[in-house]
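Protein chains: 2
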Amino acid sequence: MIGCYFSLDRMKQGTHLQVWFEFASTYSYPAVIRVEQLASLHGVPLNWEPFLLGPIFKSQGWSDSPFNIYPVKGHYMWRDLERICGELAIPFRRPSVFPRNGLLAARVCAQFKASVWLPAFIKAVYSANFAHDLDISQASVLAECLQQSGHEPRAILEQANSPAAKNALRNQTDRAITLGIFGAPTFVSAAELFWGNDRLDAAISWSKRGANTA
Amino acid sequence: MIGCYFSLDRMKQGTHLQVWFEFASTYSYPAVIRVEQLASLHGVPLNWEPFLLGPIFKSQGWSDSPFNIYPVKGHYMWRDLERICGELAIPFRRPSVFPRNGLLAARVCAQFKASVWLPAFIKAVYSANFAHDLDISQASVLAECLQQSGHEPRAILEQANSPAAKNALRNQTDRAITLGIFGAPTFVSAAELFWGNDRLDAAISWSKRGANTA
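Chains as they are written, first to last, in the working numbering: chain A, 1 to 214; chain B, 1 to 214.
Hints listed in this document are in silico derivations from the structure and should not be mistaken for laboratory results. Check the hints yourself; a few may be wrong.
The list treats identical chains as one, so a pair stands whether inside a single copy or across any two.
[What the hints assert, rightly or not] Derived pair list, reagent style SDA-like, types lysine to any residue, alpha-carbon separation capped at 20 Å:
(1) Lys-73 / Leu-179
(2) Lys-113 / Ser-40
(3) Lys-73 / Ser-63
(4) Lys-73 / Gly-196
(5) Lys-58 / Ile-69
(6) Lys-123 / Tyr-27
(7) Lys-73 / Leu-193
(8) Lys-73 / Glu-192
(9) Lys-113 / His-151
(10) Lys-113 / Asn-161
(11) Lys-123 / Leu-38
(12) Lys-73 / Phe-57
(13) Lys-58 / Gly-74
(14) Lys-73 / Arg-175
(15) Lys-73 / Gly-183
(16) Lys-123 / Leu-41
(17) Lys-73 / Ala-191
(18) Lys-73 / Val-97
(19) Lys-73 / Thr-178
(20) Lys-73 / Ile-177
Fair warning: this is a prediction, and the values are worked out from it, not measured in the lab.
Chain A extracted, bound-state conformation:
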């Protein structure tokens, strides 16, 4: 009976939930790792939305992560993230370099936004950075992540360096700014913003409710 209930529930598909992520963002890591399972459980379809925080931070006068600019806050964040990952049983190792440059990885995502293999790649990149302390700015590391998600990396990485991919990522960041996004992860459902890993459940509920009241 429980199985039956879930099946019926899933048939009523929720409002699309946009997952805005930036590869350097620490709290995006636990959010990205668990969002698919949660969304699937509640019948909420996802749109993966890569963007860059750099230009947004720059417009606020920051040339580095606020966690580096304000070390007391940074110190807290690392401990908090460790606790969160521990609670969720998500592997975590503090990266030896922070923030890492996720530009090429983000261009892959912007260029191949709707590809079925993309979520696996995104999770592999986050795990490379936050579980295995690998330098995700390196094409060789991303090639490994692409291989993990079942793809021959060479052609994909070539396309990620194309003007089209660069433009696609710039457009994504412009869209993020237009939406009022100022940090990552941010979840957007029908123009309603939810900022942070802490708001993932609220965002899923909002999307689900949107479908039920539509």
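Assemble the complex: chain A is given as a structure, and chain B must be docked to it using the hints.
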């Protein structure tokens, strides 16, 4: 049987949880309103710890609330707070002035830290600001809050203006800085920090666990 279980559970008192609050802090409002009930349910004793964010923000180069300095973030915060209060069924009206000056109210708290009437006063001041849009910098508004918590306000407000009270509040802010506090609310249990209304449940759990493993 359930009643019996709760009674036994309460007998095992949790580690003291420090509740660090600043009257201008928006997310402190829902936290302060619900912390007593939660703590009591889990047998966690509370210490109320007033402090001022102003000196801490100044040391980060901010002369105003970051929600005013970064309006996009501020816009999100007000919507987020409205959603949170709605979810918790806590009355909320966006204050017409933000941030309001909570200096005198904080001095009352620093001077009368261990008084049994203090939690009622603190909740009354937060409600005055965030539910009734009253100017909590005014002694007349605080007098009303003291009366609500069962006290004749005149002597208390006089003492709150004494050098001893001013010094007590300065000491509190110095303690906050030493603990690594950078925002409000912050919950501290056995040197472990939990920042934000979002971490209240985790902080209560931590205090409870501390008692069980002691």
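Hint by hint, here is what the structure shows:
| no. | hint | verdict |
| --- | --- | --- |
| 1 | Lys-73 / Leu-179 | between (26 Å within a copy, 12 Å between copies) |
| 2 | Lys-113 / Ser-40 | within (19 Å within a copy, 49 Å between copies) |
| 3 | Lys-73 / Ser-63 | both (16 Å within a copy, 18 Å between copies) |
| 4 | Lys-73 / Gly-196 | both (16 Å within a copy, 12 Å between copies) |
| 5 | Lys-58 / Ile-69 | both (13 Å within a copy, 14 Å between copies) |
| 6 | Lys-123 / Tyr-27 | within (13 Å within a copy, 31 Å between copies) |
| 7 | Lys-73 / Leu-193 | between (23 Å within a copy, 11 Å between copies) |
| 8 | Lys-73 / Glu-192 | between (27 Å within a copy, 14 Å between copies) |
| 9 | Lys-113 / His-151 | within (15 Å within a copy, 62 Å between copies) |
| 10 | Lys-113 / Asn-161 | within (15 Å within a copy, 61 Å between copies) |
| 11 | Lys-123 / Leu-38 | within (15 Å within a copy, 36 Å between copies) |
| 12 | Lys-73 / Phe-57 | both (16 Å within a copy, 12 Å between copies) |
| 13 | Lys-58 / Gly-74 | both (18 Å within a copy, 17 Å between copies) |
| 14 | Lys-73 / Arg-175 | between (28 Å within a copy, 16 Å between copies) |
| 15 | Lys-73 / Gly-183 | both (15 Å within a copy, 9 Å between copies) |
| 16 | Lys-123 / Leu-41 | within (18 Å within a copy, 39 Å between copies) |
| 17 | Lys-73 / Ala-191 | between (29 Å within a copy, 15 Å between copies) |
| 18 | Lys-73 / Val-97 | within (17 Å within a copy, 27 Å between copies) |
| 19 | Lys-73 / Thr-178 | between (27 Å within a copy, 13 Å between copies) |
| 20 | Lys-73 / Ile-177 | between (24 Å within a copy, 12 Å between copies) |
Violated hints are absent here; each numbered hint is respected by the structure.
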